[in-house]
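Dock chain one against chain two, each of which comes alone in its own frame, and use the hints as you go.
Residue numbers (the working numbering), protein chains in the order written: chain W, 1 to 455; chain S, 456 to 1533.
Everything labelled a hint here was simulated from the structure, so no lab data went into it.
Check each hint, because a few of them may be wrong.
What the hints assert, rightly or not - With a cut-off of at most 27 angstroms between alpha-carbon atoms, the simulated DSS-like pairs for lysine-lysine come out as follows: (1) W:401 <-> W:433; (2) S:537 <-> W:266; (3) S:530 <-> W:66.
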Amino acid sequence: MNKSFYKTIKPTAVFLSWFFVVSIIAFGSSSFSQEEEGQVKIDGKSLFKSKCSSCHQPHKDGTGPKLFGAKNKWEENAMEGSIYLWVNNWQAAAAKDPYAQSVSELKPSAMNPFPELSKAQIDAILDWVDEQPVPTKSNDSLANAGPGGEEEEESGNSLIWILLGVSFIVIILSVGGVRRQLSISLKEKEGTGDGKDKLTYTQELKALAWKYRLQTGLISLVVVLSIIVYLFQTLYGIGVVEGYQPSQPIAFPHSVHAGKNGIDCKYCHNSVMKSKTAGIPTVNVCMNCHKQIQGEDEAKKEISKIYNAAGFDPTSLYSPGKGQPIVWNKVHSLPDHVYFNHSQHVVVGGIDCKQCHGDMTKMTETAKVWPVKELNEIEGNIKLTKPTLTMGWCIECHDKKEVSKGSLDTKKDGYYDEIHRRLLNNDKELYKKYLKDNKVSVKELGGWECGKCHY
Amino acid sequence: MEITKKYWKSLDELNETKAFLESKEEEFPKGMSTEEFLSEETSESSSTNRRDFLKFLGFSVAAATVAACEAPVIKAVPYLNKPENVTPGMPTWYASTYYDGATYTNILVKTREGRPIHIKGNKDFGFTKGNTTPPVIASVLGLYDSSRIQKPTIKGKQSKWSNIDTSLKVAIENSKTVTLLSGSIISPSTSKAIEDFNASLKRQGKALNHIQYDAVSYNAIRKANLENFGVELIPDYDFSKAKTIISFGADFLSTWLFATQFQHQYGYSRNPDKDWMSKHFQFESNHSITGSNADYRAMIKPSEEQAVLEYILHSFDSNVAKPKLNSAIKNIADKAINSLIETKNESLIVSGSNNKSIQLLVNKLNNSLSTYGTTIFTGNQIHLFKGDDKKTNDLIDSIISGNGSDLIIFQGVNPVYTHPKGRDLAKALKKRKNTVCFSMHMDETASNCEIVCAESHSLEVWNDHNPKTGHYSISQPTIRPIYDTSNFLECLLIWSGNIQERDGKNSRNGYNYIKNNWTKNLTTKNNWNMAIHNSCINIEDEKEEGVSDFIDVRQISKVKKGNGTTEVIFYQKTGIGSGTQAGNPWLQELPDPMSKVTWDNYFTMNPYEMKAKGYATTFDQENGLNLATLTVGKNKITLPVYPLPGQTKGTVGVALGYGRGGNGEKIGKAAFQTKEYGGYVLGKNNKPKPIGQNVFPLIKNIDGCNQYSTIGSLVRSDEKYLIASTQIHSTVMGRHSIVRETTLGIYKKEKRDAYNPKHTLQKLDKHGNHVEAPISEFDLWDAHPVENIGHRWGMAIDLNACFGCGACLIACQSENNIPVVGKDEVRRGREMHWIRIDRYFSSDEEAAIGTKKDKDNFNLSDAEIASLNPKVVHMPMMCQHCNHAPCETVCPVAATTHSNEGLNQMTYNRCIGTRYCANNCPYKVRRFNWFNYPSYKKFTEVNPAQDDIGRMVLNPDVTVRTRGVMEKCSFCVQEIQAAKLVAKKEGRAIKDGDVDCACASSCPADAISFGDWNDKNSLIRKDSVDQRSYQALEEVGVKPNVWYKTKVRNEENKDLAKLQKSKHHGAANHHDAKKNTH
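Just chain S, with the same shape it has in the complex (with noise of 0.2 angstroms):
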């Protein structure tokens, strides 16, 4: 086959614009000697000569000195009247609640100043119990986007909100039925103001239409239990107490259905210290974050989901007739029946499939094994997705065809760009007269509406929820609001005539409603205060628990397979989602789990195939993978294929949320391609070019149910396409001091020796001997005051609890104003992240990570192969604090120093750039500022800092660093000195939990534990004396102050437990290891 590799890093480059050939000439100057320069006549006689040159550079450095010298003058604005809970310097926090249409978690805000400044999960109150995403914390950097719509708007012209509430009472008057089209609402308070809304129409003989539409819909699930026990529910589940999972392709760690009530319950199960760990199968066809951390996993093909579960569902049901399944899938599915079998009703099933047949087959399997009432609760039922795919359909053909409502008022959908049919609808909506929407952004939606209110954002207002039955809770604003902007419960009010008039930035309306509506339902005078404090509430609500009746299953229908070659996956990254913050630059940077790979969409295809297929399996800074088109009906996608171990063969996944903005909508400067030196890539229309396509038009409705795989053809194209990805190799390369894994067998029955062995090097005793002596007693230096007096502090995290997530990387940037670097930045290995996820996939050349098959023969270009189905460890990398630092010790300037409290600390303004420590880190957790980030043209499209408004996110106690210095992780040396002076202050000695570093306090797992180890009832200290606890790279002897403990896979494993067993296997490895770091 004939490859003609065609590299392109502009559209310039690959159209040969003349613009681009002229400039490719003169990039660079013809070569010339220095003799031929200095002799060429010119020179002689041109008016600078080099006496000249020098009295010019004397002349500037003293006028700069000169200059320097003038201190600035600096303006101080005391308050006219402080707020009383301000302090001017101290952060002040107040519990909230994050909900954006899809994602809820109770949440705890950070003010300073009265600025939100950084957000975490609220782990005192609320069933979510900390656990963030990465977009919930990434939302208030959306606070702070210049982008937003400031005012409302009508007929694309700035108004007043006046002038908009006449508007639409004419619009009222003039029409007969009103539609609302709106996100799932989970606000009892919005819910009753839609009714005094529906009432006030009635009143004038309208009648308001409200359907409720989800951007990726859990329909099929509302709808098959509509069919077993009589009400369209979502059962609450508890992962916690299920002892065999298994997931039919649900993320659920991630954005599945309640990813913030499933993670520390999954968190919660897979504990190997207690007394039993929970077994999780999953069977997907995207190698998925949740799949990443599975015990077993399968390969399957959507269209075998179906057949998976009748497999199972057999053995407990003879009714369903056995399938044939190939043998890598009856294997694992037939350990997961022996599972089952051995955990009945302590188990869970879970789909993430949107097909009723699917979700029928689900809750088959879950009611033969009665996990109903122990895992399952059909009387708690979560209200998030309240979405009817049906109803909205034809909502929209209906508006498509010119035909509904005579008022349609959008509220917290973008269906033109969600929605399959969104183009259609978007030329019907130019068209139509009285339209309304609310949106934050002038997006797909609001900028073919009519009436666009300008919403706040949810920081700004007040709001309520109930996401569980029995549970609610409150969203308080954290600030006035930025803009002109006002919230759906306002406009509702007021055009019910429920309240006369607005109230601007003071919020008291909604505030009153909301505070009305619960001491009148739900609380009392006293504990609205508390409500208000802890952002939420327990009651006890009557419960519906529906009769159950599980039809034959023989009723069920088959799933049909519809014709093509490629089964496509449509899935939600954990950063983008449906791409509601798709100009968020911190999600967009953030590399995905599983990929590593930022601001891009891609096919993710299984490397295996693309060999076969002739595709690039290996990307680096300069090469490229190629572009392929994928059709599906009369849709054609045009992306890169992203070789992802794991996936399975004949199907390939693509990311929803992406290719926001075509028509260069306002929707985030950092939504769009960036060129290389800045500016927008500008596509076909002249307008910015998206990031990534759209591939929503691809979803297909089956059932009344939006289906989120499909099939279709997919056609590689030789040309390349540049990727920007963090890490570009993808096993472990047999390094096995990196990495540590066991199985719970080999855990529960063996003694540390076998699984974490100790380091040992040989030396001479008193007698001339040679003898093994444990690493820690080799030093080059003398050690570091730091054990035991004063302050150590330290890092532990378990590598059994991690799933890879990100919500650290992204508290880490809001908490240490990281700047964000591009695309183009990132693909030349420059991102800023303090910490990273480091993912390893295991290689057929080692039976688990680390561990090699063969020693004698063992290949390392071999190594670096992944498996077709790898194993896949987590591993978060930050700089490990090392007490015998090597970067250290090579600084020419003593920049980078160790603390008397065991930190090594980096001083910004010492820092001449050498980049020495950078080169002599063996973390390579160093990260340069090759830029000015806050200023320079480059950065203007993606760096918030470069933004009047979007500055206003920064935390004010940590520097902004310039160009050409050193950073790296600092443990959050502010929060340390902050508690420190907490303790100081009321005379106390510090406790442990005083300090939280942000990525430990945001991780979901709770898998990073941070604190003083000289504190000997300290849980770091426990930590790290565990029997799993190891240290990265702890034979090189750099006594590093972060701890790792090893992963334990509930799964068996014959060819670990082979190696793992023998008790001198340790040392023997040692060396080995050894061997490859040198």
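Pulled out of the complex, with its shape left as it was, chain W reads as follows (with noise of 0.2 angstroms):
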């Protein structure tokens, strides 16, 4: 349209903004984050973990809303101490204080009671969520995904990053500037230049581009490449969910459950035999032991959400409400063009429940998709390297998983008995090949096909 397009594309805006992405994806995602803590004060940020960071984060809101600055706001407005007191119990504070009264107006969702925190565990954690930088919007996208505050830490770091490289953007200017001046000075004394030929920014930079054009084709050449390679990577991890561990209206611990009492998944889980789905337990399976077991404490309070939702009065043992039902948050979600059956997998595959969810005996918060990582690491499980819940994660299981191991001499009349011998009968060659890894996986006998999941 113009030529002042063309003109814009600054030699110089280029070299300074890959030189700065160039250091950001080499030390951004460096770990730089070693927390150094003190031996006699109280560990705000585990605190945090463990009790506030299913529903709150440092600086964006969530469930419940951020926590930055949070301190600061009840100093100044509410009454002394009414803070430690919303967290025990905030219904006591709204009762109480105004200004806490507006704060539970600020949410629709009520805010789990925390009477176990002390004074000093309280300002521990406050604190600490005061120390978190303000996240930058680069990492942000990346924050969110998981629960974690290492990568609040890491964008933390990257914040030093980017001051680097403006103090860098500063001083190649300022000194560029000075040489030019220089330069330009030198040959007014020489007697050279008449002040036309004096060089604006760009055709200087032009100038030294195509004087080192071999050099700045490959630099550019190699920051296009992490640029494409950059995106992708962030284009991956859309949808990945590893890690997602959405709060829930009652704190179920399944280390407690199927743990320490040993209960097994399917009792709860009791369609995961029949159906596709495992099945999320009914009020009614609760209250078979719950009806005897009511808790102490802080377990006390947990188990009367399940009385209220059952309609059940425990000092009665009667049921004489409607009851309401237990809304939670569903965590391990797959969109809805994908087919999967857990009946498939646990009662024909033989496949053991931690496989794909982990070892919930040891899981003392909510439940939450467990990153591939950890999977790994669990004794028995077939090793995987793409991220939970993810299609390659799906099908890369699909390939080392075996249907059944081959002589036909066993074979009866199973399904997959005929499956083999149709194919013994029909075409040794294949079945040959099938079985040059000593398995027949569920790949070969079409666990890849689109149709079989997608429908």
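What follows is the structure in structure tokens.
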């Protein structure tokens, strides 16, 4: 349309920006984060993680409001000590303090009470939160994906790198300016220049780029490639939900039920053998045990939520009310266009729950999507590389998992026996090819075909 | 003759409104070259230049990406108290019964998490043997209709049931007589409750007058039998024992009397591999589904029916004078007589006429052949259609004149719409007090009544039925009532003081009453549970045969012919019927089996006659058909005229059941005409314009019976009207390899080569000689390793059994979440049905379909013209799951691939919508999602998936496709996977019959078999190597996994016999076929 469009591609800017991007890629991802904590100091970070992080984030509103600066706000607006009361029992605080009352109206969801937290612990949490630097935008999307704080610390690091980058630019520009002025005055002194051939920054840079065209070309290639790689990595990360751990209405500890009490997974998730869904336990299943087990302290509060749901009165052991269904937040969600059947994997495939869901007997917090690294550490699991709940992860397992091992002598009337028999009788070559690794994998029987899961 | 063609897409265009003219101008932007555009000064100075545009673009892409990163929080709400027999994620099936006042059948209802989502016939129990019709399957959608009445109303205001009960009590107290006008009641418990109600009224010194009324009446059969047997009865017919079937306009495969019973009986008699095959003669005016399956079909006018009957009767009863017939009819009548003489009492004559004289003649003929006792059973009676036209007419006359009972209750009827005097009735009802109506919709009758009792859907309530002597069945609720609705039985029990309190949504009142009734009279306590499990029981009932008394034919009065030029026949379409489900978009979009027209009502006329009278006989996306006005008495009806080959000259057919909701009654969103971009077309009264016109007002009553034919005059108009049809060509155009047919004689005598030759190609043998080799030896690609290893899913369709009803299409729509696209899109050829039923008429250029009369002078353009009275083949066509699928090789993203089980898979998420696959498909079975049907405003009125309640009918195991992806028949892969999983879990191999596609399981003719071809004992394997089996377009070499079985007609066809006897005919013909397809 006009020439200025082409003019505006300034080599300076390009050069600086790639330098900047490369430096972020190179250093941004490496971990510089080792928190140094005093031995006597209460660990605000771990407290925050275990108690608050399912609803709150330091800098972003989630299920609960952001906690950064909360301490100051309460000190300014609320009654003294009101914040501790709030954390211990927000309803009591809201009844007493008008500010607390206004805070309680911020979010529709009610906060869990934490009566076990001491003043010192609450202070430690809030202090830790206030120490957290504001995350930069470039890392925002990554930080959201995970529940942890590591990413946020990294973003603190990249802030330093940004500052460094900016100062580099300033230095380069000023040095360049000085050099330019010097060379101009030198030329003037020598009498060779008459001011007309004064080069602009752009022209100068162009000349420079032309002079070192090989290097410029190579560097640009590297930059373009790294941008492409980075872009692809980012795109591949979309929809990956490893580590997803939503808040839950009841702080249900699997470690107590499946671990300490040794209840079989299938007792509560009882449609896992029958249906495509494993089934979130219905309240009547909870009540089978909790009619008797009413719990103490913390547990009592959580169990009382089941009573509310069931419309059950624990003192009279009578269900007078209608009850209210419990609304859980789904942890493992596959997209609608994927058909996944639990019974296929558990009954037919003989896959243990922990292959995909991790060792829930040790899960003290609410359920989460276990990252593949943690899954691989579990004994007996097939080792996989792709992120949990991605298609790559599914089909990787379909490649490794055998349907059944070979010889036909033991074959009887089962479904797969017939399939093996048809292979053996009609296409021995193919069967031999399949058996090269001593197994017929799910993939070889069609487990990699689109239409097996997408319809 | 001067013809000024005028095509119009909307009323706006027709009337040339100002808004239309303005928008017409703006429809196309002024032409402007790129240079001009760029050099324009305004673009220089405009605030948005190219760089800004790129910035915005980049930003919006980035924003969209960031937004996509955040995973939505999905809620999961488990049951509080899980019902014992519900497993989330698994279907639960209930045996139940369908009865809508006209159609009765035993059904199975599939529910998921407590929602009914699919209906199919119950093949294991009940005499209907799993037969269904499209309205039965589609009724599940009616359950989730948000336009249903959600609460009872009094004087148009929503109310409570307790208020209804008190109002009714007051109304009863204030009245002397109570009239109940109901549909045919076949429920023993409801009948008993009506008796109880009557008794309670008697105690109060009042009287109940109960009249039953059918929208489409079969009164003449009852009246004729009253005369012949002394009892008003409809006898039971058995088509499976009839070796000669003669039908006078009775569409017994689709809508006549008890089609769900006759379908499989007829199918049984039509198997050419048995010892005998029935010979079917059809004398009719409209080209009906039944007529299209007849071996011999004669075109008669309704006024000629009596003459033809007398002509045939003359051969068996010398008392009858022999009338004169025209030669074409006489020819077929003579053949029918010969056949009757041969088969004697193993014959069956039926007539669809509602004229007593005709029915008396039919009885007489049946009696002369002694078919009573072999194919007709007066002791076994059909209890459907108890309506009494005369009593109903008297009642309606008395209401119109302002007399009659003080309290009138309507139940299961809609006389304002279905009665000829409906308009006057509406006016009279409006003035009246104490009118009560039971209805699911605020329909034509309900909206004129004072008290409207919101009725539950039949899938929400308990009910029982006694459709036939000795047969009892139960309907059970498969879901709690969605709205605050009740049912007739519970209301009767309350009003007669039988029970004191309503039970809300628990339905226990009806259950207790029915159970009590059954355990007392029909079952013991134990087999009550069994009765519910099976949905039906058989009991030896007392049989009342009646004493036969056949009067002399000479006493039978002659049917009088009225004045006019055009005889009109009123018929019911297989989908819409009498209009009770007019708001059901599945049924509106179901192509009519004969015309393939959707979303419309029209006159059917023979194209030969249309040409002579100057009507347009071809139509397409942009070119419509002529409108014409039919005048019968004072009534005028304007509809387009559709060219239907086989319609008797001088007659037109027009379907009942259209034109509902003319005053904007809320009868369902899909019952009205929609505009091109959504919203309704408005009529003159500023209310949504109904689809088609109501022709019930044209019906006349003769001898106390409503007549479904009349006479009037039809005047053509030059105005044209756009029609949405899924098939606009008529014949198979000489493509031999698509459809194959033969006659029974040839089939029995000749070898396969004669009627079903295999395709061959020439190849060089070892010695360098040219030899013929079967097509399967030629391969362009490596074979997929599906033969003999793993599974190979295949389907076989018997063209001889398929009669084209369309049940498979609706079942597929229900099972596979197929969107409804509306008339405008169907007109553009964008219907989404995964299965279509191609209907091919024969042409005079061919002796029979696919066999050319004169090979050398074969004229393709002549071949497209269907015969005056053509033979018909119905051919279901869906994805053929080719092992060498042409679609797979052209997909640039491998979205459609072949599975190791022989399935042609479609992966929606990979599809980028190039549509190469659809272009490369020789069967044209791929469907493209042009729009986002579940959300785009154009489809709000038609697509149930856009409605929060309507969405509940979707099958959760099948993805709802979005815009821009291709889809097609998947062989119900979700059912295959489910069946495999069951086998795996049970540790056994797949058995034949484990997998049932929606189409195969819904087929009333059992025409479709499906299974694992690699299982050597499977039905499909046997069908695929059957003498009659061939593959459509086999010579293309795509190796389909679908086989068709040649159609066999029980007729004499000399031309065909000549062609099909020569041994080398197959090869010769093949070359022709090749020429035609390239």
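Of the numbered hints stated earlier in the document, which are not met by this structure?
none
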